[in-house]
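Q: The primary structure of each chain is shown beneath.
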Amino acid sequence: MLRSMVSAHRTRCVSAATNMFHAAEHAFIKPLYKGGVAAPAFTIEARSSCISPKQIQFHEKEERVMSTTILSIRTIVAALMAIPTVAMAQGEKPKAINVAIVDFFSGAGAIAGGPSANMAKLTIDRINKAGGIAGVPIKAQYVDEAGGPAANVAKLRQIAKKVDVVVGYGSSSDCLAVAPVAEKLGVPLIASACDTTELFKKPYKWIFRTQIPDVSGSVAMAMYLLKTNPNVKVVAGINPDYSYGHDAWNYFVAAMKALGGNVEYKFEPALFPPLFSGQYTSHLSRLQAAKPDVVFSSLWGGDEMAALQQGKAQGIFKQTKFMFSVGTLAGVDGLKVMPNGVIVGSDEGYLFHPGEVENKELREYIDSYQKRFNEHPVSAFGYAMHRAVEAMAAGYKKAVENNHGKWPSKEQFVNALVGLKIDTFQGPLVIRKDHQATFTDTVGEAVRSPEYPFAVFDKQIKFTPDLIDLPEGTGIDYMAWIKTLTPELLKKVPEPTIYAKTGK
Amino acid sequence: MNEALRMVLATVIDGAIFGATLFLVAVGLTLIYGVLRILNITHGSFYAIGALVAASLWGAISQLGASPYLIYPAMLLSSLLVGVALGPPLERFMLRWMASVEPLARRENVQLLATYAIFLMLENVQRLIWGTHPYYSAGAMQTVGTTQIGSLTYTNYQLLLLPLAAIVLLALRSFLNRTVTGKFIVSVSTDPEMSQCMGINVDRIQTIAFTIGIVLASLGGALASPSINVSSGIGADTLVLSFAVVAVAGLGEIEGSALAAFVIGLAHSSAVFFYPELSAVMPYIIMLLVIMFKPYGLFGKQSERRI
Chain Y
24 MLRSMVSAHR
34 TRCVSAATNM
44 FHAAEHAFIK
54 PLYKGGVAAP
64 AFTIEARSSC
74 ISPKQIQFHE
84 KEERVMSTTI
94 LSIRTIVAAL
104 MAIPTVAMAQ
114 GEKPKAINVA
124 IVDFFSGAGA
134 IAGGPSANMA
144 KLTIDRINKA
154 GGIAGVPIKA
164 QYVDEAGGPA
174 ANVAKLRQIA
184 KKVDVVVGYG
194 SSSDCLAVAP
204 VAEKLGVPLI
214 ASACDTTELF
224 KKPYKWIFRT
234 QIPDVSGSVA
244 MAMYLLKTNP
254 NVKVVAGINP
264 DYSYGHDAWN
274 YFVAAMKALG
284 GNVEYKFEPA
294 LFPPLFSGQY
304 TSHLSRLQAA
314 KPDVVFSSLW
324 GGDEMAALQQ
334 GKAQGIFKQT
344 KFMFSVGTLA
354 GVDGLKVMPN
364 GVIVGSDEGY
374 LFHPGEVENK
384 ELREYIDSYQ
394 KRFNEHPVSA
404 FGYAMHRAVE
414 AMAAGYKKAV
424 ENNHGKWPSK
434 EQFVNALVGL
444 KIDTFQGPLV
454 IRKDHQATFT
464 DTVGEAVRSP
474 EYPFAVFDKQ
484 IKFTPDLIDL
494 PEGTGIDYMA
504 WIKTLTPELL
514 KKVPEPTIYA
524 KTGK
Chain D
82 MNEALRMVLA
92 TVIDGAIFGA
102 TLFLVAVGLT
112 LIYGVLRILN
122 ITHGSFYAIG
132 ALVAASLWGA
142 ISQLGASPYL
152 IYPAMLLSSL
162 LVGVALGPPL
172 ERFMLRWMAS
182 VEPLARRENV
192 QLLATYAIFL
202 MLENVQRLIW
212 GTHPYYSAGA
222 MQTVGTTQIG
232 SLTYTNYQLL
242 LLPLAAIVLL
252 ALRSFLNRTV
262 TGKFIVSVST
272 DPEMSQCMGI
282 NVDRIQTIAF
292 TIGIVLASLG
302 GALASPSINV
312 SSGIGADTLV
322 LSFAVVAVAG
332 LGEIEGSALA
342 AFVIGLAHSS
352 AVFFYPELSA
362 VMPYIIMLLV
372 IMFKPYGLFG
382 KQSERRI
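Line by line, the protein sequences give chains Y and D.
Residues 24 to 527 (our numbering) make up the first sequence, in order.
Residues 82 to 388 (our numbering) make up the second sequence, in order.
What the hints contain is simulated information worked out from the structure, not anything from laboratory work.
Here the structure is a predicted model, which is why all the values come from computation and not from measurement.
C-beta atoms are modelled at their ideal positions from N, C-alpha and C, and glycine is treated no differently.
Fair warning: there could be bad hints in the mix.
[To be verified] Under 8 Å between C-beta atoms, here's a sample of chain Y residues computed to sit facing chain D:
1) Gly155
2) Leu208
3) Gly301
4) Ser305
5) His306
6) Ser308
7) Gln332
8) Pro510
[To be verified] On the chain Y side, residues computed to face chain D include the following (Cβ under 8 Å):
9) Ala293
10) Gln302
11) Ala312
12) Lys314
13) Gly325
14) Met328
15) Gln337
16) Glu379
17) Ser432
18) Lys433
Chain D on its own, in the form it takes in the complex:
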């Protein structure tokens, strides 16, 4: 394989891997925005909590000497548990309560501040539970071996993230299009008031959508955990990147965020390969360019503001 081809191939694969976990987090963010009209800053916390729980589970599995393959079902289950245990109470007792006591809190900017406050609190909760010592679970990544592509070595674990992200996308889309709850979610995201008039329990649908979003964030964290340095407070970086994905795709766009995550991943890896100095800012340069020319994102539609 010649040099140039190898570089391009590596760029695409790395971009896709980077984009895959980013997509899982971003799609949850966009779903929550679509249904609840909240830019959920706490999303980053759930990414971190998902990663910390998964890393702790890996620690427990290694200590007990159990089969390392147990980590995969454990990751999926733990993300589900994190989402179900923390999502509904947060949505019901914090966000909705705030909106009920103070009508102003329905406004997006106030919600943004509120979720940011909760994000900060959750950061400290993470420190309280997991301390400040970083956790490593790279062993989980090594159990499934590697694949050689030319001179490049990829862990199968990371390559498997690509089909997994695709499965999540397809599953989410078919859930939204083919199940009654899914259709209710779409309906509420389109027009909550009209949905309420049609007899849909909007509150319940919002809780469900919020929980799904949180599960996805937590799953993103759990799946990323073997390939990152897991410590309390890691949510901020991913959150900012997820916002970039959502901004590029357009708020509420599910397929759009898949493509945007890939584009941002590709931008990141091309920068690493061809212009390393820009690697950290490349995702934001893409975001800036998109917003300059398409303020509602690549796929977002302009909508009238209700007063």
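Chain Y on its own, in the form it takes in the complex:
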């Protein structure tokens, strides 16, 4: 999610010139801290797997040779003769499915890319151990997303011929930059974590996304608040001053207004501290002075951590109810200081709850993650990567079945992805015709439980796709969609599950 680093491009009027400077300065340097855990050993491996100058030379050479030979008559004849061979070759099983896993493996973003890479390794190893896909193992190469959109477009061009499918991308600006290029090159791309609403403004053939757009997260937060605290009247906001922060707040406000019906809410103050400012004294005092019923925040990563710690020092969590829409992204460290009673959105990750993890497969994942990486998988990034890899594997499996056991072409693979249904830790996932996946998002309230050394989440509500998912299609006006929501929809929202009582 590193959602819209595109923020630097989509400058808001409120941010004016200096802010633009900061955004530009930071957008690609340190914006990517969304998680709280690093994967130190990973960086070296990831770097070593990036494209080397030698490889680039190889590609250039290959292309030159191609262009020369195409001109020769002999080759044309040979090519004509080769057509049936190629078709046959397509049906044969390759040695491996070559996958490029793209995420931030160096620089500031490694904090976000760490859990993501860990989960990719774990998931791929499990699939390969179980015999791969129709006997074909997945071979991953890890490509570093650091460097900004232009660098990512260049990297994609380099790897395009070498891989069967590209999975990943955390930053929305990178997604927006590489999607049209992947489309042109005909490379299947499964976007794992970027959730900008801009991605599917136009239809794509080769691009898919297994993450819900950010607008749904804001709607889920509004539904949770109205369901659990129906008497709320005054809502304040503290969100980072870039496009994601503004979007999260605006969608949330619109959803509250739509779902509240005739209730008049007061939305003030709406504070937008600069991204990565990390200093919230004045903002917290302002909130203390305003005494709102609840404070909505989409601060994440280091910013979220700083707000939690400073807020704790200033005692604001004892006075006001807070909600963090992407609260798990400060990682285990963030959850350690998360005060009880704070409402947290999972950002399509998994929210631990008091008692045992009920899903057996997830339990195994958590155990092996802990064993291998010595920490709990709390960050939503890891789960986003898990979904993307699982979807890819299931897509191949389906394509092989559709192709009567023969290995599918890239085209057959992407065709199989449309309408794909798989089980994930966030419930059943379906990839719609518009290439956007739908599944369940969860919101809960922080509590302490003896099983874990960090805050877990009770009173969880699972928001199924029928409640929060956008209408299907491309070029949707999200604000217009939110306005169509009605208070009646709240009746469909299930009651929160109380884990502490049931012990489940």
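Starting from the known structure of chain Y, arrange chain D on it as the hints suggest.
A: Frame of chain Y, contents of chain D only:
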């Protein structure tokens, strides 16, 4: 306490707290400019290094289970060490060397580029040493408790920054006015050539002034560290704000920067309280207004340009 009064009070306190750390950084910047005529971009790096060292020390103190109060002397000592260890070599071997090999480098714009280059290098050095993981030392802020003012809660740590900034201002002023070295610094900042003729070791005085400036930047970072999200590369934001303070006060103005830091802090907090959309740009709006009407800053004096 009624609503309006509470808001005004909170605005003033927050503005003063914001201004206090800003002053520590800005006064170092202005001192270095006054004596060396260098707009020292590396200042931001030393703010960041001061903060990173302090946050690491807090981590060590918490891990060792030592008394949390140790962090306060540790912060002061570490800032001193950072300044003394890094300031003189940078000034002597980089800035002065550049000026000696290339007379053009004496020009302010070239020095500006040179210090910017060093700033970028130091950013990477920070990444190399501290990695990219943010550090948190908010615990240091919690050890001294809180004060309730109406419905508002302030940490005593942040309130204590106000007298501390005042002490630094007074100490700096009395050092400059009452000690021989201080008087030499004032003399060199007024006229380096004449000072040299009078027998003052200008090079040495410049090194001392540069080091004091760096210590102050590092101290600003160390004191701010518990209330910010400390990570490599945090110097840029503070540097830009410090420039705004220096521009509002006028280059080389020490008391002026104290007042300017307070004004900018107040502008920031009033924006947060009354017009949040402008909070990020408010300091620069103030700077713009001041420069429009008083190009040399509120307290700066116009001086002739030497050719």
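Q: Against this structure, judge whether each hint is valid.
A: Results of checking the hints against the structure:
| no. | hint | verdict |
| --- | --- | --- |
| 1 | Gly155 | violated, 35 Å |
| 2 | Leu208 | violated, 31 Å |
| 3 | Gly301 | holds, 3 Å |
| 4 | Ser305 | holds, 4 Å |
| 5 | His306 | holds, 6 Å |
| 6 | Ser308 | holds, 5 Å |
| 7 | Gln332 | holds, 3 Å |
| 8 | Pro510 | violated, 29 Å |
| 9 | Ala293 | holds, 6 Å |
| 10 | Gln302 | holds, 5 Å |
| 11 | Ala312 | holds, 5 Å |
| 12 | Lys314 | holds, 7 Å |
| 13 | Gly325 | holds, 4 Å |
| 14 | Met328 | holds, 6 Å |
| 15 | Gln337 | holds, 5 Å |
| 16 | Glu379 | violated, 31 Å |
| 17 | Ser432 | violated, 41 Å |
| 18 | Lys433 | violated, 36 Å |
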